[in-house]
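K.L.:
Sequence:
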Amino acid sequence: MKPQLIIPLLISLSYLSCEQTTTSQKPNIVLINIDDMGWKDLGFMGSEYYETPNLDRLSKLGMTFSNGYASAANCAPSRASLMTGRWATRHGIYTVQSSERGKSKDRKLIPIKNTTTLSSKYKVFPEILNEIGYATCHSGKWHLSDTPLSFGFDINIGGGHNGHPSSYYPPYKNVSVTDGKSEYLTDLIMEKTLEFIDTVSTPFFLNYSPYAVHTPIQPVPGLLPKYESKPSSNGQINPKYASMIENLDRNIGLLISGLEKRNLLNTTLIIFTSDNGGLYGITKQHPLRAGKGSYYEGGIRVPYFLIWPGRIPANAQSETPITNLDIFPTILESVQVEYAKYSPDGASLWPILNQSRPEFNRKLYWHFPIYLQAYKPTDNENRDPLFRTRPGSVLRYGKWKLHYYFENNEMELYDLCDDIGERNNLVLEEPAKSAEMLKYLQDWWKKTNAPIPVDLNPDYEQQSEKIPINH
1 MKPQLIIPLL ISLSYLSCEQ TTTSQKPNIV LINIDDMGWK DLGFMGSEYY ETPNLDRLSK
61 LGMTFSNGYA SAANCAPSRA SLMTGRWATR HGIYTVQSSE RGKSKDRKLI PIKNTTTLSS
121 KYKVFPEILN EIGYATCHSG KWHLSDTPLS FGFDINIGGG HNGHPSSYYP PYKNVSVTDG
181 KSEYLTDLIM EKTLEFIDTV STPFFLNYSP YAVHTPIQPV PGLLPKYESK PSSNGQINPK
241 YASMIENLDR NIGLLISGLE KRNLLNTTLI IFTSDNGGLY GITKQHPLRA GKGSYYEGGI
301 RVPYFLIWPG RIPANAQSET PITNLDIFPT ILESVQVEYA KYSPDGASLW PILNQSRPEF
361 NRKLYWHFPI YLQAYKPTDN ENRDPLFRTR PGSVLRYGKW KLHYYFENNE MELYDLCDDI
421 GERNNLVLEE PAKSAEMLKY LQDWWKKTNA PIPVDLNPDY EQQSEKIPIN H
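Numbered per our numbering, the sequence shown spans residues 1 to 471.
The hints are simulated quantities; they were obtained by calculation from the structure and are not laboratory data. Beta carbons: idealized from backbone N, C-alpha and C, even for Gly. Hints may contain errors.
Straight-line distance between alpha carbons at most 35 Å, and here's what the computed DSBU-like set of lysine-lysine pairs gives [stated by the list, open to error]:
| no. | residue 1 | residue 2 |
| --- | --- | --- |
| 1 | Lys60 | Lys261 |
| 2 | Lys103 | Lys60 |
| 3 | Lys60 | Lys240 |
| 4 | Lys439 | Lys226 |
| 5 | Lys261 | Lys192 |
| 6 | Lys447 | Lys363 |
| 7 | Lys446 | Lys113 |
| 8 | Lys173 | Lys261 |
| 9 | Lys181 | Lys240 |
| 10 | Lys105 | Lys341 |
| 11 | Lys363 | Lys439 |
| 12 | Lys60 | Lys192 |
| 13 | Lys105 | Lys439 |
| 14 | Lys261 | Lys113 |
| 15 | Lys447 | Lys108 |
| 16 | Lys439 | Lys60 |
| 17 | Lys181 | Lys26 |
| 18 | Lys173 | Lys192 |
Simulated restraints, written as ranges between beta carbons of each label pair [unchecked claim]:
| no. | residue 1 | residue 2 | range |
| --- | --- | --- | --- |
| 19 | Pro221 | Gln442 | 35 to 45 Å |
| 20 | Thr178 | Asn234 | 18 to 28 Å |
| 21 | Asn361 | Ser167 | 45 to 55 Å |
| 22 | Tyr405 | Glu461 | 14 to 24 Å |
| 23 | Glu359 | Lys230 | 17 to 27 Å |
| 24 | Cys417 | Lys173 | 45 to 55 Å |
| 25 | Ala340 | Thr117 | 21 to 31 Å |
Kindly generate the complete structure, drawing on both the sequences and the hints.
P.N.:
So, in structure tokens, the structure goes:
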């Protein structure tokens, strides 16, 4: 195992702010979209167990968002929405594979049929970048079709329809990537990515989406002993997972060093996020509730920062709620392409990034008209022990968050300013606010033609309604 690499981050942050890029210059763009990394899985987000020195330093070069969200609580729909800038109600990808997850006898409703492949009728932003002269490279997990090469990418490093690797150790089986000096999959994908960085002409777009830190949880041997002897912190106590996080951080350090070697860091927009929350049972995001697959905060709130030296202020922080739907219009505005004609459901983040308008007064929606079974029924913070999510929709507007469940038309209302852990359901105490939020949600269902499950499942057993509800 190679020793931990920590990027030097040039001379000082003040130096970076003096290196201005002209508004006419099109930046290189690096999107780092981690798989299943939770909101608290990094040092700069508050973890005292996982060690991420490179990302901690990198985040200080730009603006960090404490209320960053994924557009879905699991991989495929989040990635489809990121690439298209559209809600899942538009493209119909709600989960991975079948929507009939869990035992049929426990599902009261017949879920909406899921789409598993992104239709080519949707324009993704890598296609647009490629059309205006960008060299484009996809690196790592794709998950939306058989190959990213049909969606505007010139180069594909290991991307296919698979949602995770069969193994991080060779042979990787379902991940096709050419041999290199490295063996551990995260290292090998970065090795091939650096070959692109070292030789590409500018401008370029890199979609770096490593399979890490998705299951299977397979440790990096050289890092494992450190975490085995390290005390747990705030519910984070998995040494194998911790070694995967630190190794991922080391590889991102190599990526940044590669940009610096070519003097490209100051002309590169870097966006960092995760496709959904951390997998509860592997990692915990306290004080957030639950994890991947749940529409409580632990399943959808994710780490999120943007840097572009000289264009985005360093050491900046924002509490404005944003989503990965915003990446599509933000990138297009960065390269001076009019994005409105593509009708994205997100908003460009540039008014926040350049501090011309630090707040967005808008509603954020999620729609999940299907079932997703529990990962660990005996260890979860879901609404019930059988499912991470039952069919429903979620709305966040300001400090308020409404959950609506289609099986029995039940609602939960939370004040996230006072109750970020979503423990105190205020539906009965705040009937006017509950009705207001429900009306917003109903209007949005109509606006987007959101499919709502209404057909009863003949296999459903009534005694399933007696399952305990976790409040």
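K.L.:
All hints are to be evaluated individually against the structure, with a verdict given for each.
P.N.:
The hints, checked one at a time:
1. Lys60 - Lys261: With a Cα-Cα distance of about 20 Å, the restraint between Lys60 and Lys261 holds, given a limit of 35 Å.
2. Lys103 - Lys60: Given pair Lys103, Lys60 is violated - Cα atoms ~46 Å apart, limit 35 Å.
3. Lys60 - Lys240: With a Cα-Cα distance of about 27 Å, the restraint between Lys60 and Lys240 holds, given a limit of 35 Å.
4. Lys439 - Lys226: violated, 52 Å
5. Lys261 - Lys192: holds, 16 Å
6. Lys447 - Lys363: Holds, at about 13 Å.
7. Lys446 - Lys113: holds, 19 Å
8. Lys173 - Lys261: Between Lys173 and Lys261 the Cα gap is close to 34 Å, so the pair holds against 35 Å.
9. Lys181 - Lys240: Given pair Lys181, Lys240 holds - Cα atoms ~23 Å apart, limit 35 Å.
10. Lys105 - Lys341: violated, 45 Å
11. Lys363 - Lys439: The hint holds at about 12 Å.
12. Lys60 - Lys192: Status holds; Cα separation ~27 Å.
13. Lys105 - Lys439: holds, 32 Å
14. Lys261 - Lys113: Since the Cα atoms of Lys261 and Lys113 sit roughly 48 Å apart, the hinted pair is violated (cutoff 35 Å).
15. Lys447 - Lys108: Judged against 35 Å, a Cα distance of about 26 Å means the pair holds.
16. Lys439 - Lys60: Not OK: Lys439 and Lys60 at ~40 Å, beyond 35 Å, violated.
17. Lys181 - Lys26: holds, 34 Å
18. Lys173 - Lys192: It holds: about 18 Å lies between the C-alpha atoms, which stays within 35 Å.
19. Pro221 - Gln442: 35 to 45 Å: violated, 53 Å
20. Thr178 - Asn234: 18 to 28 Å: Violated: the Cβ-Cβ distance is about 40 Å, outside 18 to 28 Å.
21. Asn361 - Ser167: 45 to 55 Å: holds, 47 Å
22. Tyr405 - Glu461: 14 to 24 Å: holds, 18 Å
23. Glu359 - Lys230: 17 to 27 Å: The hint (17 to 27 Å, Cβ to Cβ) is violated, given that Glu359 and Lys230 are roughly 39 Å apart.
24. Cys417 - Lys173: 45 to 55 Å: Once the Cβ atoms are compared, 47 Å apart, the range 45 to 55 Å for Lys173 and Cys417 holds.
25. Ala340 - Thr117: 21 to 31 Å: Since the Cβ atoms of Ala340 and Thr117 sit about 27 Å apart, the hinted range of 21 to 31 Å holds.
In summary, the numbered hints that this structure violates are 2, 4, 10, 14, 16, 19, 20 and 23.
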